[in-house]
Amino acid sequence: MVKAEAPFPNREKLPVNDRRAQLISRLRQDVHPAEGQIPAYIFSSPEVYELEMERIFPCCWLLVAHESEIPEPGDYVTRSLGPYPVIVVRGEDGKIRILLNVCRHRGMRVCRADSGNTADFLCSYHGFNYKNTGELIGVPFEKDSYGAFDKSQHGLLAMKVDSYHGLIFGAAPGLEESLDQFLGGMKWYLDLYVKRAEMTVTGPPQRWAVQSNWKLPSENFASDAYHVPNTHACMPSLGLFPNISYAKFGYHIHAGNGHGIGIGTGVADSPTIWPETLLQQFEKNLSPEQFSILKTVKNAHATVFPNLSFLISSMTYEGQPIYHTTMRLWQPVGYDTIEVASWVLVEKDIPEESKKKTQRAYIHTFGSSGMLEQDDTENWINVTENSRRVLQLPGVTFNYQMGLGRKPMDSFPGPGEVYECKFHEANARAFYQRWLDLLLGDGGDASI
Amino acid sequence: MVKAEAPFPNREKLPVNDRRAQLISRLRQDVHPAEGQIPAYIFSSPEVYELEMERIFPCCWLLVAHESEIPEPGDYVTRSLGPYPVIVVRGEDGKIRILLNVCRHRGMRVCRADSGNTADFLCSYHGFNYKNTGELIGVPFEKDSYGAFDKSQHGLLAMKVDSYHGLIFGAAPGLEESLDQFLGGMKWYLDLYVKRAEMTVTGPPQRWAVQSNWKLPSENFASDAYHVPNTHACMPSLGLFPNISYAKFGYHIHAGNGHGIGIGTGVADSPTIWPETLLQQFEKNLSPEQFSILKTVKNAHATVFPNLSFLISSMTYEGQPIYHTTMRLWQPVGYDTIEVASWVLVEKDIPEESKKKTQRAYIHTFGSSGMLEQDDTENWINVTENSRRVLQLPGVTFNYQMGLGRKPMDSFPGPGEVYECKFHEANARAFYQRWLDLLLGDGGDASI
Amino acid sequence: MVKAEAPFPNREKLPVNDRRAQLISRLRQDVHPAEGQIPAYIFSSPEVYELEMERIFPCCWLLVAHESEIPEPGDYVTRSLGPYPVIVVRGEDGKIRILLNVCRHRGMRVCRADSGNTADFLCSYHGFNYKNTGELIGVPFEKDSYGAFDKSQHGLLAMKVDSYHGLIFGAAPGLEESLDQFLGGMKWYLDLYVKRAEMTVTGPPQRWAVQSNWKLPSENFASDAYHVPNTHACMPSLGLFPNISYAKFGYHIHAGNGHGIGIGTGVADSPTIWPETLLQQFEKNLSPEQFSILKTVKNAHATVFPNLSFLISSMTYEGQPIYHTTMRLWQPVGYDTIEVASWVLVEKDIPEESKKKTQRAYIHTFGSSGMLEQDDTENWINVTENSRRVLQLPGVTFNYQMGLGRKPMDSFPGPGEVYECKFHEANARAFYQRWLDLLLGDGGDASI
Amino acid sequence: MHRFELEREVAEFLYREAELLDSNRLEQWLELLTEDINYEMPLRMTRERGQPDVSSQTGHFSEDRRSLELRVKRLGTDFGWAENPPSRTRRFISNIRVENTADANEVKADSYFLLYRNRGSSTQADLISGERQDLLRRRDGGWKLASRLILVDQAVLGTRNLAIFF
Amino acid sequence: MHRFELEREVAEFLYREAELLDSNRLEQWLELLTEDINYEMPLRMTRERGQPDVSSQTGHFSEDRRSLELRVKRLGTDFGWAENPPSRTRRFISNIRVENTADANEVKADSYFLLYRNRGSSTQADLISGERQDLLRRRDGGWKLASRLILVDQAVLGTRNLAIFF
Amino acid sequence: MHRFELEREVAEFLYREAELLDSNRLEQWLELLTEDINYEMPLRMTRERGQPDVSSQTGHFSEDRRSLELRVKRLGTDFGWAENPPSRTRRFISNIRVENTADANEVKADSYFLLYRNRGSSTQADLISGERQDLLRRRDGGWKLASRLILVDQAVLGTRNLAIFF
Ligand code: FES
Ligand code: FES
Ligand code: FES
Ligand SMILES: [Fe+3]
Ligand SMILES: [Fe+3]
Ligand SMILES: [Fe+3]
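Protein chains in written order, with the numbering used here: chain A, 39 to 486; chain B, 39 to 486; chain C, 39 to 486; chain D, 643 to 808; chain E, 643 to 808; chain F, 643 to 808.
Isolated chain A, as found in the complex (with noise of 0.2 Å):
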């Protein structure tokens, strides 16, 4: 009888060799979050982002779907965990499962539908057959070409998955760290996200590629608020934003393990952009602590690290205030490339008119179109472009001293280090140094 390898094979740590050893050497003299200096070359390096995909993705929890995305059994949607393929899929069972989309046999993809709806993943190649569950259920001519297959020991390899308030994410199997140990003091902010009332997505993501690496994205969202009054100059002038200052008043804070996210509350007294219907319903979700914050604000972008980002943006439209909530990933598909999964999630009992009108308001301001949107992808390309061209310059670093030195609040009710001014560059140094910290690190036990 044909017995199989280990279901999921214990990898070897990759050896580190010479190149390997003296690149990591050379992060460690190059790379001072600390201080706020960061060498261009970490967003053009191949290498460096082969380390990457060593240490860094394996060893994170990573978003996923979202549960709304699957609501019925065999229901699936394809998506990567880092760089590998993976389906989520409720199965028979109503359990959510992430499967590794890659044959046990002989490792054709045996899904290759963006989305739908399945009792089983037939694989093109051999017919081997697995039902929505990962188990394999059907061997063709088992008898005539293996005798016995063991059948038990090659279902679809299936990573870990566990679940936030309808965020469902992902981890290579060897991952020691929880996803609520991964999310610590970041679950009291993602509240105001996703437990504020039950959300759902309004339809598949918008997806794009752009030709920027990873990080300035991440970070961007974790940590920049500096950039809005100049990237997005013309909001104001188009009447959307009051004004070009807008930007600077709120939070920003650092919840631990470079997750990242900044508050924005606008000028003085401004009145808040939710309808009093959904206060009263985020008002029974959230603590009384959290319901404070987020009846203040006007916008909250944040990063969950390494790659995942929330928005909540308000804006004036048409003489109307109208918000929206959205989720994206900016997933690595080469050093110098994303591609962008770009969700919006609206609160499920508002009426549909509403959730129209908030995702018109995303799709004219954020996403693959938005007038907002646009000038952000031009800066993070250009900036790529310009770290790869200066290469050969390790002495050019990028400046994130922003805050250094600033103290930070006593009195916040949420955890981490919050500071009371947006511009703030506290975020993104975290955000570099949990990378950093990852890449020196021996990344260890989480490997697959």
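To be clear, the hints were calculated from the coordinates, so they are not data collected in a lab. Ideal placement from N, C-alpha and C gives every residue a C-beta, glycine not left out. One thing to keep in mind: the hints can contain errors.
What the hints assert, rightly or not - Listed next, with one range per pair, are the computed distances between beta-carbon atoms: (1) F:693 to A:155: 53 to 63 Å; (2) B:308 to A:182: 17 to 27 Å; (3) C:59 to F:720: 45 to 55 Å; (4) B:479 to F:665: 47 to 57 Å.
Claimed, not checked - Incomplete in silico selection of chain A near chain B, CB under 10 Å: (5) 56; (6) 147; (7) 150; (8) 185; (9) 199; (10) 388.
Please build the complex by placing chains B, C, D, E and F with the ligands on the supplied structure of chain A, with the hints as guidance.
Here is chains B, C, D, E and F with the ligands on its own, set in the frame of chain A:
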């Protein structure tokens, strides 16, 4: 007088640096052909590919053309011998040569057409002129420029050349093994394709590029009858193949040196696919043992290591049996891309009408637009892409364990290790064993 | 207060790792410029290219523009200085500077147009604003964000700049050699192109991308008169050049430091190509020796190491003699690709009509659509591709042995090693010798 | 009106529109739109054969006259970084098919577009391919675009942003 | 019939055909073909100037009605893996040139095609360029395709397979 | 002449021209040009919005009849290496817009072109996109090209040389 460097420079072995040594020891550790376990990464690692270009292709006899493509003196085709661009040309002396398509002066391609007839190759850069035998016969302004130029030592570099019943093979000059030794037991089986009658190509090969690693199709033709019922499941339903288990019946044969063949005999007592007139011819050209096998053949897929495949295929088409023979090269042009060149071979003496018919049968089923081939390339491309996506997972292995432990036949008339059921993977195991042996060995004196 | 890192960070020498050391020792062993033997692989090895980007381009003075392109304060063009994106700008103070087009904040390209006129460069990301002298003059919300920001230390990084009769050269700040030293004996010859009269460009350069290694065209313009009769064999038959051996007559000169020039004098006693009025001007601007040479010039091709070429070309067009002067950069953008930038230089004081005529003569013969250039690029592309295909064959060498052993002239008025027949390859040998010296040396203090 | 004339007018309209967009005369382009224009680009998805591959839920564009005006206005400010310097674009319009509707003043016009987009010094261009299903309405003696549905032929858009119009 | 009318009809036919192929309505596409259709795509080759660069011997397609039907039928089975999920394609038809023949019921129609093919999540597309030399025959009040010669502009096809039609 | 007729003739002229160029019948192409033809391809540049992005000073082509003849003649010699073997090209002509001029014998014709160029065994092709602004003149009962301005959509041309015509 300008003297030549040694006409065939003695290539030092490429130094084995740390990175290379590490790769080799990793392969030694990970690749287990005999146990049927092959790690996914060998199908998409650029470093493995680099090693193959140094240790596999310069150490094998490689097909470059069929004699019927260049029947007349001066006829030539340009091809690749492994990575090297070559001209396969019949000189004015009637002899076939394989000349490196690289000017001995400063490296220009001296011939840029796919095929033609010429007395000489005039380099477009400085006008060095070479006879169709490779001899350098013209150096412009020779006296003014060089005083004297040792033309006798600067002919186009010639590769080793030998042929087998019309198949022209070439090899790097340093290769000690003869073509006869290289083919070994495979000759007995090759005869079924090319010695059964005088064969001729129907014309130039179809050529198209596929984003697949070269080993996947090579191994598939050597070994993989098992994919037929599923990948090509549409065939029976279209009435072209009798039924879905059709592919199982026949012989699975490792002919030695990594060369493999699968001979399909179809269901018992099914009528021969060959016209009576041809059978008489075959009987004359083959040994009685060979003839006894060929008579019963319904299909026969084979790979001459590393990347030359053959296929006899038959089907019922418009109620009539029709067969064809195709030969193809899976020419690697990168770690994840091949250029396929695919010829149709026909018996020289059959009527034009039959040639047309067999060619059409080929086009409809195999080749660039073939109804079977379409699905094959889709599989290989996805496996290659998947293997790239799990490159960081050395533990993901492909399974080639079918038939492990089964006993070979005692009584088969042909050479090699013969198994009675075509659902078997001994050939794939032998293919990867040969591959591994070459990669781990020093590849030594075979390189140029 | 946020202090700057050192304004021009002192770049540590890149560590020489095993792989790098091996490459260098292989080059030392394989490359023999003095014997005229150059291995094919240097034209397509990505590692050799990487080394060139570290050791050749940061250690040479490189042309970036002609002064006539930016006559007014605020005029700028964006260019590459080796791999680095730069702005060549005439500041409000009338001084020309070469500024790294990389924002000192976080690396955005501060100028994204090819050319224009501006008082300042406003970074699109966070709005840092730089004067056209490179000085940082604006930091948005400086007090709120940084408290204080040491603007005086954060101007755009400036490259070394110097010019020679209108040619603007730049270099990495660490380069100790002066432009004067760098050009050395080549100045005498450059004068024939740019000092003979006040020269001006006719407009922006033609730019196009060619899949060629950068060394092939550079070496060709420095040294290769020998290709003319064959590559450009159509010219005499079109009546544009007198005959096929035309290219032979004249001088082949290594001016030192790898700079080479070929001066064509055509057949004896042929009439001068220069209008009488210009000759008077030339005589005034040049030394008598220079003038005596220039008078007899029919064509003159030259390369200032590493990748700046010049050409005076003349021909008979519609029965009338017509000449033009072109200058071009073979800007490497990858190991196998260059971006060509090609200008036409004209005497400033000639009539507009003559400028038009000379420009048209240029367009018809050289440049992107030129009848001569077309064939050159075809050659270089094929040589590059061939060299890539034989990368695994270190024994395949290119031949640069023409003229080995011939004696230089004693009596030539200009500096350098001068040979009397243009069919010679001393210049190519000197070009590759300089190349090799830089690669093998430590390249040391020249890097940024 | 004779059918020829109609088809010719539609083609002329679409070519004129392409010309305005390709030469960055965006305000003039706006004049070609009706006040109540509906302008949508839904997502395309990779689905099993037979499944709908156009999303009815989400899209890349979902515009009315007001939002298109905002977009154009924005690009004209000093801060329209995404398209300053502008891309060089070319909208190849082909396979035009015109169909009458119940309303004599309206026609349906389907066309294919291939949008070529090159920026800066790149030798590569983004190619965006797709179909547009338009409704044209006769106004003031000419045609106006009353509705446009854009079917783009990628599930993952291969262009940095949609700071351009279709 | 007036020449205008003829050219318009031909263009309409070709656009309609492209629409059917681009929307995977393959059975309907078959209805546009005559029973005796001859459908060929010979090889292109790189040859010295003046040498024929179209193979008279071998090709990528050599089809009759029967084989085209088989191909379509196959793609409709549960095992047409190559095109399930289907590619997103767009056939840009241009440079249409119509010529009368001796037979009043037949016209020759040459056209250029650029076929855009995108699959899955790729941001790249295969572009297949070429010319088609068609013979159209009048049948049942409409046109049918009686013969097609496809000249593709590559010696080495840059697409994974020809599980698509031209 | 009726406007239809005119537009049809212009399209026919441009398609015929493309056909000649795409099949390397260059001498026949020359016959389509007037004796005094002016044929220009100025440089495109990347400039701030609002700045002219077409150079009035330098270009890739600046031709008259004589120089075009020379170019064609050259390619026909034994030493036209750049295009021997020839590229496989396809000139997709679309978005044709015809305008009358003061001179009844002359029309302005703007069109878009997408030139596909493939060489040797490459699976990649150069795509050159742009617009041509033509002046056609009636001569000997047909049209001739009297002037052509070619606006190419790249600042850095992505093709090895311009040994081809537009
Ligand atoms: S690869 Fe999936 S069944 Fe063989
Ligand atoms: S490269 Fe062939 S003659 Fe010089
Ligand atoms: S990158 Fe230029 S201001 Fe921040
Ligand atoms: Fe932003
Ligand atoms: Fe198969
Ligand atoms: Fe030349």
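Outcome of the hint check:
1. Range check, residue 693 of chain F to residue 155 of chain A: about 54 Å between beta-carbon atoms, so the 53 to 63 Å window is met.
2. A C-beta distance of roughly 19 Å is found between residue 308 of chain B and residue 182 of chain A, which places it inside the suggested range of 17 to 27 Å.
3. Separated by about 49 Å at the C-beta atoms, residue 59 of chain C and residue 720 of chain F satisfy the suggested range of 45 to 55 Å.
4. For the hinted restraint 47 to 57 Å between residue 479 of chain B and residue 665 of chain F, the CB-CB distance of approximately 53 Å keeps it satisfied.
5. Interface restraint check: residue 56 of chain A against chain B, minimum CB-CB distance 5 Å, threshold 10 Å, status holds.
6. A distance limit of 10 Å between C-beta atoms decides the matter here; for residue 147 of chain A the minimum to chain B is near 4 Å, and the interface restraint holds.
7. Using the Cβ-Cβ criterion of 10 Å, the hint placing residue 150 of chain A at the interface with chain B is satisfied: the shortest such distance is roughly 7 Å.
8. About 8 Å separates the beta-carbon of residue 185 of chain A from the nearest beta-carbon of chain B, less than 10 Å, and the hint is met.
9. Interface hint status for residue 199 of chain A: violated, as the beta-carbon distance to the closest one in chain B is roughly 18 Å, over 10 Å.
10. The beta carbon of residue 388 of chain A comes no nearer than 39 Å to any beta carbon in chain B, farther than 10 Å, and the hint placing it at the interface is violated.
Of the numbered hints stated above, those contradicted by the structure are hints 9, 10, listed in ascending order.
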